[in-house]
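Chains as they are written, first to last, in the numbering used here: chain A, 14 to 243; chain B, 3 to 188.
Hint data in this document are derived by calculation from the structure and do not stem from the laboratory. On a predicted model such as this, the values are computed, not experimentally measured, just so you know. Hints are not guaranteed to be accurate.
[Stated by the list, open to error] No more than 27 Å apart at the CA atoms, straight line, and that leaves these computed lysine-lysine pairs for BS3-like:
(1) A/Lys-181 <-> A/Lys-95
(2) B/Lys-176 <-> A/Lys-241
(3) B/Lys-94 <-> B/Lys-123
(4) A/Lys-89 <-> B/Lys-105
(5) A/Lys-105 <-> B/Lys-176
(6) B/Lys-168 <-> A/Lys-89
(7) B/Lys-105 <-> B/Lys-94
(8) B/Lys-123 <-> A/Lys-95
(9) A/Lys-89 <-> A/Lys-105
(10) B/Lys-176 <-> A/Lys-95
(11) A/Lys-235 <-> B/Lys-176
(12) B/Lys-162 <-> A/Lys-89
(13) A/Lys-181 <-> A/Lys-241
(14) A/Lys-181 <-> B/Lys-176
(15) B/Lys-162 <-> A/Lys-241
(16) A/Lys-105 <-> A/Lys-95
(17) B/Lys-168 <-> A/Lys-235
(18) B/Lys-176 <-> B/Lys-105
(19) B/Lys-123 <-> B/Lys-105
(20) A/Lys-181 <-> A/Lys-89
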Amino acid sequence: MDTDYGGFKTTTFDSVVNWSRKFSLFQYPFVTACCGMEYMAAACSHYDISRFGAEIPRFSPRQADVLWVVGTITHKMSPILKTIYDQMADPKWVIAFGACASSGGFYQNYSVLQGIDRLIPVDLYIAGCPPRPEAVLDGLMELQNSIQNDGPKANGITPTAIRHENQKVDQLNQYFEISKKEVFENQQNPKSNRVSKPGFTYSEDFINVSPHIGYDSPKMQKDKAALKED
Amino acid sequence: MDEEISTKESEVSREAGELTVLLQQEFPDAVTGFHAHRGDETVVIERDALEPVCRFLRDDSRCSFEIMMDLTAVDLLEMNETPRFEMVYHFKSLTHAHRLRIKVRLAEDDCNITSIHHLWKAVDWYERECFDMFGIHFEGHPDLRRILMYDEFEGHPLRKDYPIDKQQPLLELKEVEERHIYGRHA
């Protein structure tokens, strides 16, 4: 792609912009659980995440590029995570750090969200319970690769920007739907300042997670059903 | 294996300890059972006697339980026991350096018990947690509402008849169709 013309170098504008973006990632650490220890280890001087240009954690989502979701996310926490994600300015990326953020981990009970990708788009999953700092740095480098090479439909994968764009469209649609409905104060607890939607009854809408370990995509479910029929 | 069990059984003493005898003298109608394990006494009392017994335990100089350590409930549904719930109270005395466990049985259709918030202020959040997780109502509690779960949550998750995989998300969740792989694995 790059061609050498005797001391000059030509390239595309996108690759220059992506190059500058991937080496100046401002992070927002959304730390909720024990994975935070490994995040701190990776961020501190021993492993030194600043070697990869991800030096400064910003504790305002408005100033951050990468959302690190580090640890277990409960259903009670999920509106907060969504708000943080919404407050971040484009372009933005999301990393699911560890087993709990990626899939719910070993929590499959009444309180834990089974993977944050059911709520917000995720660009990178780091495996481990918790991941070693080496795995964190490896994941960061993978993210940098993806930022550099994120062109239209690279390798048949929907590019990051498009998926975040889709999320935005979904949210706008939801917003207009909600504005049509009535919004009323929480009746169960008059002291709560949270607002509930009417008609949002959980007895019918609750999600039954199948008893096996892990999460199946609809495609996998279809495949399994086909296998059973055979 | 039989030996292990028999050893454990032998550690449970059926003889009444000092505090048990004291409670039996003061509240002869209220005490329905007792046992002790390695010197820690447990007394089972009637529900209606909880408030006077707790007041006695706090104020009497032979007891002087200054600290309300813990409060929780046990759901005995799968052990086929009636009444279904068992309240467990733990007290500690700094003066005498002794402990006492009080148990109260509660029926399923009448999950009400007197709050002891006016005796120990520390019991406030314990009772809220117990209400949140088990749905036990504490009469006289100043602010009995959920403490761990969100207000929209229906049911009480630590009851044994709560479905083990039932979730009640606050936001609409979407199905995950594909998880993306980047870099050298792609």
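Results of checking the hints against the structure:
no.	hint	result
1	A/Lys-181 <-> A/Lys-95	12 Å, holds
2	B/Lys-176 <-> A/Lys-241	25 Å, holds
3	B/Lys-94 <-> B/Lys-123	15 Å, holds
4	A/Lys-89 <-> B/Lys-105	32 Å, violated
5	A/Lys-105 <-> B/Lys-176	20 Å, holds
6	B/Lys-168 <-> A/Lys-89	15 Å, holds
7	B/Lys-105 <-> B/Lys-94	15 Å, holds
8	B/Lys-123 <-> A/Lys-95	37 Å, violated
9	A/Lys-89 <-> A/Lys-105	24 Å, holds
10	B/Lys-176 <-> A/Lys-95	13 Å, holds
11	A/Lys-235 <-> B/Lys-176	17 Å, holds
12	B/Lys-162 <-> A/Lys-89	22 Å, holds
13	A/Lys-181 <-> A/Lys-241	38 Å, violated
14	A/Lys-181 <-> B/Lys-176	14 Å, holds
15	B/Lys-162 <-> A/Lys-241	32 Å, violated
16	A/Lys-105 <-> A/Lys-95	14 Å, holds
17	B/Lys-168 <-> A/Lys-235	23 Å, holds
18	B/Lys-176 <-> B/Lys-105	45 Å, violated
19	B/Lys-123 <-> B/Lys-105	20 Å, holds
20	A/Lys-181 <-> A/Lys-89	22 Å, holds
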